[in-house]
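Peer 1: Sequence:
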Amino acid sequence: MHSNNYATMPIMNSQLQMTNSSFIKSEIERFEGVHPSIYSIYELIDEIKDQLNTQANIR
Numbered sequence: 000m001h002s003n004n005y006a007t008m009p010i011m012n013s014q015l016q017m018t019n020s021s022f023i024k025s026e027i028e029r030f031e032g033v034h035p036s037i038y039s040i041y042e043l044i045d046e047i048k049d050q051l052n053t054q055a056n057i058r
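Residue numbering for the sequence shown follows numbering that gives the first Met the number 0, starting at 0 and increasing by one per position.
Rather than coming from a laboratory, the hints here were simulated on the basis of the structure. Treat each hint with caution, since some may be false.
[What the hints assert, rightly or not] Derived Cβ-Cβ restraints for the label pairs, each shown as a range:
1. L15 with T53: 46 to 56 Å
2. I57 with S36: 28 to 38 Å
3. I57 with L15: 54 to 64 Å
4. H34 with N12: 30 to 40 Å
5. L15 with N52: 46 to 56 Å
6. N19 with I44: 27 to 37 Å
7. T18 with I40: 27 to 37 Å
8. S13 with S39: 32 to 42 Å
Quick caveat: nothing in here was measured; it's all calculated off a predicted structure. Beta carbons are placed, not taken as given, at the ideal position from N, Cα and C, and that holds for glycine.
Can you build the whole structure from these sequences, using the hints too?
Peer 2: And the structure:
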């Protein structure tokens, strides 16, 4: 007779979901911690692009 572990699968899936959920929450918190810096960098990049476009249009 073949033995299966289907009875333990819901427990394993539940533990995996909790682990994934904890990981996702920690990644969100980490991102939110550095978000202001990222936002400032994107603004700086946009300003540089705008200046380069302006200089190209003047020439």
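Peer 1: Each hint: holds or not?
Peer 2: These are the hints, each one checked on the structure:
The supplied range of 46 to 56 Å is met by L15 and T53, whose beta-carbon atoms lie about 52 Å from each other. Taken as a hint, the range 28 to 38 Å holds for the pair I57 and S36, whose Cβ atoms sit roughly 32 Å apart. A hinted range of 54 to 64 Å for the beta carbons of I57 and L15 is consistent with their spacing of about 58 Å. For the hinted restraint 30 to 40 Å between H34 and N12, the CB-CB distance of approximately 32 Å keeps it satisfied.
Range check, L15 to N52: about 49 Å between beta-carbon atoms, so the 46 to 56 Å window is met. Separated by about 32 Å at the C-beta atoms, N19 and I44 satisfy the suggested range of 27 to 37 Å. For T18 and I40, the hinted distance range of 27 to 37 Å is satisfied, since their beta carbons lie about 32 Å from each other. Between S13 and S39 the Cβ separation comes to about 40 Å, which falls inside the hinted range of 32 to 42 Å.
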